[in-house]
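Trainee: Next come the chains, spelled out residue by residue.
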Amino acid sequence: MRALLTPLAGAAGFVALWWLATWLRVADPVLLPSPAETWRDTARALQDGPLWHDLWKTVWRTVQAFVIASAIGVPLGLALGARERAYRAVEFVVDFFRSTPASALFPLFLILFGVGEGTKVAVAAFGAALVILFNAAYGVINARRTRVLAARVMGAGEARILWDVLLWEALPQILVGMRAGISLALVIVVVAEMFIGSTDGLGQRVIVAQSLFESGLMYGVIFLAGALGYLLNLLFLVAEKRLVHWGGK
Amino acid sequence: MRQGQGAAIAPRDAAITVRGLRKAFGGQPVYSGFDLDVRRGDILAIFGPNGCGKSTFINMAAGLLPADGGTILYHGREVRDVRIGYVFQNYREALFPWLRAADNIRYPLKRLGLPRLEIERRLERLKAGFRVRFDLQRYPYELSGGQQQLVSVMRALAVEPEVLFLDEPFSALDYETTLDLRTLLQDVLKRLGVTTLLVSHDLEESIALADRLLMLTRRPTTVADDVAVELPWPRTSATLSEEGFVTLKRRCLAVFEAAVAGRA
Ligand SMILES: Nc1ncnc2c1ncn2[C@@H]1O[C@H](COP(=O)(O)OP(=O)(O)OP(=O)(O)O)[C@@H](O)[C@H]1O
Ligand SMILES: [Mg+2]
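Each protein sequence line maps, in turn, to chains R and P.
For the first sequence, my numbering begins at 1 and goes up steadily by one.
For the second sequence, my numbering begins at 1 and goes up steadily by one.
Worth flagging that the hints you see were computed from the coordinates, not collected in a lab.
Model, not experiment: these values are computed from the prediction.
One should not assume that every hint holds.
Claimed, not checked - Taking lysine to aspartate or glutamate and the EDC-like style, the derived pairs with C-alpha atoms no more than 16 Å apart in a straight line are:
| no. | chain 1 | residue 1 | chain 2 | residue 2 |
| --- | --- | --- | --- | --- |
| 1 | P | Lys127 | P | Asp187 |
| 2 | P | Lys190 | P | Glu160 |
| 3 | P | Lys190 | P | Glu162 |
| 4 | R | Lys249 | P | Glu93 |
| 5 | R | Lys249 | P | Glu142 |
| 6 | P | Lys190 | P | Glu230 |
What the hints assert, rightly or not - Some chain R residues close to chain P (C-beta under 8 Å, calculated; not the full set):
| no. | residue |
| --- | --- |
| 7 | Ser103 |
| 8 | Arg147 |
| 9 | Leu149 |
| 10 | Val153 |
| 11 | Met154 |
C-beta atoms are modelled at their ideal positions from N, C-alpha and C, and glycine is treated no differently.
In isolation and in its complexed conformation, chain R is listed as follows (with noise of 0.2 Å):
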């Protein structure tokens, strides 16, 4: 309960806050507008305008993104962390474009895939992608050695040995990875949607709202991307914990 109540208060506090901002008129009320006043637009936007269709764009681009870069980075990394040497020969390829912004990319992913949906998601997917290779690959270069050792004394062959030991011992950081890959793309794609022509998702409606003044429904799909944000994040720490029940014993 007291797990619970704690990051309540500190909502409310930062809600009591802004509330006194609006009240003390600390800022002009068009730029920033009351809690009320925001819950309100973001409310009607919800119930008849096109919010509920902008969040699940977001979510599912980001989802598609997620997965497709899962798929591939994965078990790519997977494959390449079990030959470090291999690894080491693309290291330098992969950190670089892992420290590129995603954003710098978009010109050369709208020739790639032309302006629309794809596009979108393939940023994303990219830069998701290498992060979770990125991770996949260490968490098996750092597997426990006497393990790997352990499953070759009892017949394990190559292939066995990354399927039963490696896959296992570099789970935790797998995960670690997606939970970084799955905010990266949330991020891209939000982006993305301001940008890349688009006419719908959350990215899209926050430029929108703040073109058209509506500031309260800007802080509201604002509001929308953090929660969002937030959620997938706590997904995976809880799946974290689930599927990694030995971690840190």
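Following the hints, put chain P with the ligands in place on chain R, whose structure we already have.
Mentor: Structure of chain P with the ligands alone, referenced to chain R:
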């Protein structure tokens, strides 16, 4: 190099034959022409100072580390054609924490492709043999250190190995647990007649568990002494204070001080 008992073992009784074994790390030799014969069913304890190459030797013998030269044969066969069991010193890093204790023990049996019924039969037999009273459905990290190492031993013995390798299996356990596990282990090993290589840091333990004790020197590693331990089985905690045991231990200590510690 002295070859205490080695020369006396008839070829058909020798379970392990090591000839001209060589191994160096970064140009520094650990073994340069090491010979050894181990009699079938014997428990051979290998005792020596840190870094003299005990682990290196049993890892080469178990096929986990390639030798630079020489041969290690089991009745003329290479290690990959022999059923072996290996118990690592660090049970925390050797068991699979994602598998329940019972599944850890089943794992090598599945690798052998045994039918399920046979796997369960062996598991039951091991449980009885080691008088297991804790729940094998638990995960390794839910067990005590002694229980975890017992699971490791059961996993190693599940395949009914011809040769068992133990690398300091008790060094991370407290004294009481060590005594318990030692008693259980000697019962099972002697009943099944498994040829065993035991690496140990503990002179008392080496003598108590062994048919034969090999004392190694610092690098470059040679055999300082090769002692037959002819104490009767089973050896209990009472054995540790008996005349024969104490005499033997004193003799080994003298050898250790003279040759191993290099204080002579
Ligand atoms: N992979 C390696 N690379 C370089 N040197 C090594 C390697 N493995 C072992 N050595 C060296 O070989 C020597 C023998 O090592 P080994 O682990 O066999 O010793 P040990 O007798 O088992 O020691 P301990 O009692 O500490 O377990 C040591 O001096 C060690 O530093
Ligand atoms: Mg060692």
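Trainee: Now tell me, hint by hint, if it's right for this structure.
Mentor: Here's how the hints hold up against the structure:
no.: 1; hint: Lys127/P <-> Asp187/P; in the structure: 14 Å, holds
no.: 2; hint: Lys190/P <-> Glu160/P; in the structure: 13 Å, holds
no.: 3; hint: Lys190/P <-> Glu162/P; in the structure: 13 Å, holds
no.: 4; hint: Lys249/R <-> Glu93/P; in the structure: 11 Å, holds
no.: 5; hint: Lys249/R <-> Glu142/P; in the structure: 9 Å, holds
no.: 6; hint: Lys190/P <-> Glu230/P; in the structure: 14 Å, holds
no.: 7; hint: Ser103; in the structure: 39 Å, violated
no.: 8; hint: Arg147; in the structure: 6 Å, holds
no.: 9; hint: Leu149; in the structure: 5 Å, holds
no.: 10; hint: Val153; in the structure: 4 Å, holds
no.: 11; hint: Met154; in the structure: 4 Å, holds
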